[in-house]
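Asks: Produce the entire structure from the sequences given, and follow the hints as far as they go.
Chains as they are written, first to last, in numbering that gives the first Met the number 0: chain A, 0 to 269; chain B, 0 to 324.
Just so you know, the hints here were simulated from the structure itself, not pulled from any lab data. Incorrect hints may have been included.
[Claimed, not checked] With a cut-off of at most 27 Å between alpha-carbon atoms, the simulated DSSO-like pairs for lysine-lysine come out as follows:
1) A/Lys266 x B/Lys83
2) B/Lys230 x B/Lys276
3) B/Lys241 x B/Lys276
4) B/Lys194 x B/Lys151
5) B/Lys83 x B/Lys123
6) B/Lys86 x A/Lys3
7) B/Lys86 x A/Lys266
8) A/Lys258 x B/Lys13
9) A/Lys3 x B/Lys123
10) A/Lys258 x B/Lys241
11) B/Lys23 x B/Lys13
12) B/Lys83 x A/Lys3
13) A/Lys266 x B/Lys194
14) B/Lys317 x A/Lys258
15) B/Lys83 x A/Lys258
[Stated by the list, open to error] Rough simulated footprint, nothing fancy, chain A against chain B, three-plus residues with beta-carbon under 8 Å:
16) 29-40
17) 60-71
18) 87-93
Where a beta carbon is used, it is the ideal one built from N, C-alpha and C, also for glycine.
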Amino acid sequence: MGAKVFFATVWKEFRVRLHAYPISFMVSCLTTGIYTNLGAWLMYHCFFEGRLSSDFSLYAGTGDYMSYVIVGSCTYLFVVRTCLNVSRTLVTELREGTLDSLMLAPFHRSAYFLGNMALQTVTTSLELLISVLIGLFFGLQIYHFSPGKFIIAVILSLYGFFGISMMLGCLMLYTRNTYITQNTLFSLIFLLCGITFPKEYLPKALQYIGALLPVTDAVDLLRTSLLGGMTAEDWSATAMRLFVLSSIYILMGFPLMEKAERIALEKMEG
Amino acid sequence: MISVTNLSKTYEVKRRDNFWTFHKEKIHAVKNVSMRIEKGEIIGLLGINGAGKTTTIKMLTTLLEPTAGSYSFDGIDAVEYPQKVKKEINMIAGGERMLYWRLSAYENLWYYGQLYGIQNTVLKERIQSLLQMVGLWEKANLPVESYSKGMKQRLQIARGLINNPNYVFMDEPTIGLDAVITSELHQQVKELARKQEKGILLTSHYLAEVEELCDYIYLLSNGEMLIEGTKKELTDYVFTRKQCAFSVKGMDKQVEEKLFAALREYDTEGEISEMDKGVLVTSERELTAFLADFALREGYVIQELYQKEPSLEDAIMKLSKEAKQ
Ligand SMILES: Nc1ncnc2c1ncn2[C@@H]1O[C@H](COP(=O)(O)OP(=O)(O)O)[C@@H](O)[C@H]1O
Ligand SMILES: [Mg+2]
Numbered sequence: 000m001g002a003k004v005f006f007a008t009v010w011k012e013f014r015v016r017l018h019a020y021p022i023s024f025m026v027s028c029l030t031t032g033i034y035t036n037l038g039a040w041l042m043y044h045c046f047f048e049g050r051l052s053s054d055f056s057l058y059a060g061t062g063d064y065m066s067y068v069i070v071g072s073c074t075y076l077f078v079v080r081t082c083l084n085v086s087r088t089l090v091t092e093l094r095e096g097t098l099d100s101l102m103l104a105p106f107h108r109s110a111y112f113l114g115n116m117a118l119q120t121v122t123t124s125l126e127l128l129i130s131v132l133i134g135l136f137f138g139l140q141i142y143h144f145s146p147g148k149f150i151i152a153v154i155l156s157l158y159g160f161f162g163i164s165m166m167l168g169c170l171m172l173y174t175r176n177t178y179i180t181q182n183t184l185f186s187l188i189f190l191l192c193g194i195t196f197p198k199e200y201l202p203k204a205l206q207y208i209g210a211l212l213p214v215t216d217a218v219d220l221l222r223t224s225l226l227g228g229m230t231a232e233d234w235s236a237t238a239m240r241l242f243v244l245s246s247i248y249i250l251m252g253f254p255l256m257e258k259a260e261r262i263a264l265e266k267m268e269g
Numbered sequence: 000m001i002s003v004t005n006l007s008k009t010y011e012v013k014r015r016d017n018f019w020t021f022h023k024e025k026i027h028a029v030k031n032v033s034m035r036i037e038k039g040e041i042i043g044l045l046g047i048n049g050a051g052k053t054t055t056i057k058m059l060t061t062l063l064e065p066t067a068g069s070y071s072f073d074g075i076d077a078v079e080y081p082q083k084v085k086k087e088i089n090m091i092a093g094g095e096r097m098l099y100w101r102l103s104a105y106e107n108l109w110y111y112g113q114l115y116g117i118q119n120t121v122l123k124e125r126i127q128s129l130l131q132m133v134g135l136w137e138k139a140n141l142p143v144e145s146y147s148k149g150m151k152q153r154l155q156i157a158r159g160l161i162n163n164p165n166y167v168f169m170d171e172p173t174i175g176l177d178a179v180i181t182s183e184l185h186q187q188v189k190e191l192a193r194k195q196e197k198g199i200l201l202t203s204h205y206l207a208e209v210e211e212l213c214d215y216i217y218l219l220s221n222g223e224m225l226i227e228g229t230k231k232e233l234t235d236y237v238f239t240r241k242q243c244a245f246s247v248k249g250m251d252k253q254v255e256e257k258l259f260a261a262l263r264e265y266d267t268e269g270e271i272s273e274m275d276k277g278v279l280v281t282s283e284r285e286l287t288a289f290l291a292d293f294a295l296r297e298g299y300v301i302q303e304l305y306q307k308e309p310s311l312e313d314a315i316m317k318l319s320k321e322a323k324q
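Replies: Structure, rendered in C-alpha cells:
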C-alpha cells in the first residue's frame with residue numbers, strides 16, 4: 000500500500016506541477032542555471048577580486064574558487080528546491096482546498112512525502128544538469144571525481160534534505176506562512192553552511208549553528224567527491240555525522256508533522 | 000451504526016490585543032451533541048450559519064479530534080482508532096474544494112483511489128461506474144478547472160464514493176447550486192440511501208431540503224441540539240408555520256389593519272409584517288384560502304399571493320422561545 004501511494008503521488012505531482020507548464024519549467028531550468036553560475040562568477044570577481052587568501056585552499060581543499068563555489072551553489076540550489084517543494088506540499092494542499100479530502104484517506108504519510116521528494120529530486124537533477132553544463136562554460140573543473148563517494152554523498156544528502164523538509168514543513172503548516180519561514184532558513188543555510196566560502200571563515204559560534212544544519216556536511220561530502228580534498232577518515236566521519244544528524248531530523252520531523260497536520264485542520268475555517 | 004455521545008468541541012483562538020500582546024479565546028462550537036446514524040438512513044443536521052454543523056461533521060469524519068465525548072463506529076472507538084473508521088466513511092462538501100483542479104476527473108478519482116489502496120482493476124471499474132452515475136463519463140478526461148460548478152459538485156459526489164463507504168457525510172452539498180442541479184442531487188442522495196444502503200448525514204440550512212430528504216432530523220443551534228425527531232414528530236415545531244406574501248391594489252395602513260383584525264379572528268397567534276411590496280402573513284393555519292377569501296369579501300383586487308417556504312430562523316426562534324418558557 001505504501002508503494003501505491005508513493006508512485007501515485009509522484010505521478011500526481013508531476014501532472015499538477017509540470018504537465019501544466021512544461022515550457023515554463025524548461026525556461027526556469029535555464030535561468031536557474033545561468034543565475035547560479037553568474038552568481039558564483041560575480042562572487043569571485045567582485046568579492047574576492049580574483050585573489051584568494053592563502054588559507055582558502057587549506058580550508059577548501061582546493062585552490063579553484065570557481066569550481067568550489069559552483070559546486071556549493073548547485074548543492075544550495077538542490078536544498079532550496081527540494082526543501083521548498085516537499086515542505087510546502089501540505090500547505091499547498093491546504094490552500095488549494097484538498098487537505099481535507101487528502102486527510103480523509105487512511106494512507107501512510109511517509110509514502111506521500113517520499114513521493115513528493117522523489118519527483119522533486121528528478122526535476123531538480125534536470126535543473127542541476129543544465130546548471131553544471133553552463134558551469135563548465137564558466138570554468139567549472141572536476142578534478143577528483145570519485146563515483147562511489149559521489150553516490151553515497153548524494154544519497155546521504157537527500158536523506159538530510161528530506162529531514163530538513165519535514166521540519167520546515169511543520170513550521171510552515173504551523174505558522175501558515177511559507178515566505179518568511181523558508182527565506183529565513185535559506186538565508187541561514189546560505190551564510191552558515193559553506194556554500195560560497197569555507198565555513199571556517201565564520202566566528203566559532205556561527206560555525207556551531209551551521210554544524211546543526213545537515214547541509215553543511217552534505218556540501219562538504221559532495222564537494223570532496225567531485226573536487227577532492229578530504230582524507231578518507233574525515234570523509235567517513237563526516238558521512239556518519241550527516242547520517243546521524245539527518246536521522247534525528249527525520250525522527251523528530253514525523254511526529255511533529257502529525258501534530259502540525261492536526262493544528263492545520265483545526266485552524267481551517269469553513 | 001455510528002453513535003456519538005456528548006460530543007463537544009472547543010476551539011482556541013488567539014485574538015491580538017495590539018502588536019505585542021494577545022489573549023486566548025475559547026469558542027464552544029459544539030456542546031454535548033449526541034446522535035445516531037444507521038445504514039440506509041438519511042439523517043439531517045439542520046442549523047443556521049455558525050451553528051456548528053461543519054465542526055460536528057469534521058469530528059465524525061475524524062478530521063478533528065473532539066474536546067470531549069465519545070464516538071463509536073460499529074462498536075470501534077473512533078477517536079482512538081481513526082484509521083479503521085476512515086476506510087468506511089467519506090465526506091462530500093459544498094463549494095468547489097476537495098478536488099485537484101489541474102487534474103482531470105478521471106485522474107482525480109484515480110489518485111484518491113490510490114490513497115485508499117484500492118486494487119487497480121477494481122478501481123478502474125469503480126471510476127467508470129461512478130463517473131457514469133454522475134454523468135461525467137464523456138468529460139472524464141477534461142481538467143476539472145474547465146468544469147462548471149454543477150459538474151464539480153457531481154464529481155465531488157463521485158470522489159466521496161470512491162472508497163465505497165458505508166457512511167457518507169455531506170456538508171451543505173447543495174450550497175450555491177441552482178434548482179435543477181439541486182433536485183438532481185437530492186435524487187442521487189435518496190438512491191444512495193435507498194438502493195445502496197448507505198448511511199447518510201446531511202447538513203443544511205434549508206428547511207425544505209431536510210424536509211424532503213431526511214428520515215430523522217437534528218436541529219442544532221449555537222452548538223447545542225435544540226430538538227430531534229422524525230419529520231412527523233417535528234412537524235408541530237418546525238414545519239407547520241405557514242407564511243404567505245400578500246398584497247392588493249391600493250394597499251395602505253387601513254387595509255392592513257382590517258387584515259390584521261380578520262387574521263386574529265382566524266388565528267389568535269397570526270402575525271403580519273411589512274414587506275417591500277405588501278405584507279408577510281404568518282400563521283399556524285392554512286393561509287392561501289383565508290387570504291383569497293378576505294380579498295373577495297372586502298372587494299380588493301389581489302396583486303400578490305403566494306406561499307413562502309417556512310424559514311429555519313423562524314423555527315429556531317420559536318423553539319428557543321418555547322424552551323425558555
Ligand atoms: N477553525 C476554527 N477555529 C475557530 N473557530 C471556529 C473554527 N471553525 C468554526 N469555528 C467557529 O465555530 C462555530 C461553528 O462553526 P461551524 O461548525 O463552521 O458552523 P456551521 O458549519 O454550522 O456554519 C462558529 O462560531 C465558528 O466561527
Ligand atoms: Mg458549515
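Asks: Each hint should be assessed against the structure and marked as holding or not.
Replies: Results for each hint:
1. A/Lys266 x B/Lys83: holds (24 Å)
2. B/Lys230 x B/Lys276: Roughly 33 Å separates the two Cα atoms, so the pair is violated.
3. B/Lys241 x B/Lys276: holds (19 Å)
4. B/Lys194 x B/Lys151: Between lysine 194 of chain B and lysine 151 of chain B the Cα gap is close to 24 Å, so the pair holds against 27 Å.
5. B/Lys83 x B/Lys123: holds (24 Å)
6. B/Lys86 x A/Lys3: The hint holds at about 16 Å.
7. B/Lys86 x A/Lys266: holds (24 Å)
8. A/Lys258 x B/Lys13: holds (18 Å)
9. A/Lys3 x B/Lys123: Distance of about 15 Å is within 27 Å: holds.
10. A/Lys258 x B/Lys241: This hinted pair is violated, its Cα atoms lying about 50 Å apart.
11. B/Lys23 x B/Lys13: Judged against 27 Å, a Cα distance of about 5 Å means the pair holds.
12. B/Lys83 x A/Lys3: holds (19 Å)
13. A/Lys266 x B/Lys194: Outside the cut-off at roughly 37 Å; violated.
14. B/Lys317 x A/Lys258: With Cα atoms ~43 Å apart, lysine 317 of chain B and lysine 258 of chain A exceed 27 Å; violated.
15. B/Lys83 x A/Lys258: holds (19 Å)
16. 29-40: Not satisfied, violated; 0 residues make the cut.
17. 60-71: Since 5 is at least three, the answer is holds.
18. 87-93: n = 4 at 8 Å, threshold three: holds.
Of the numbered hints given earlier, the model fails hints 2, 10, 13, 14 and 16; all others are met.
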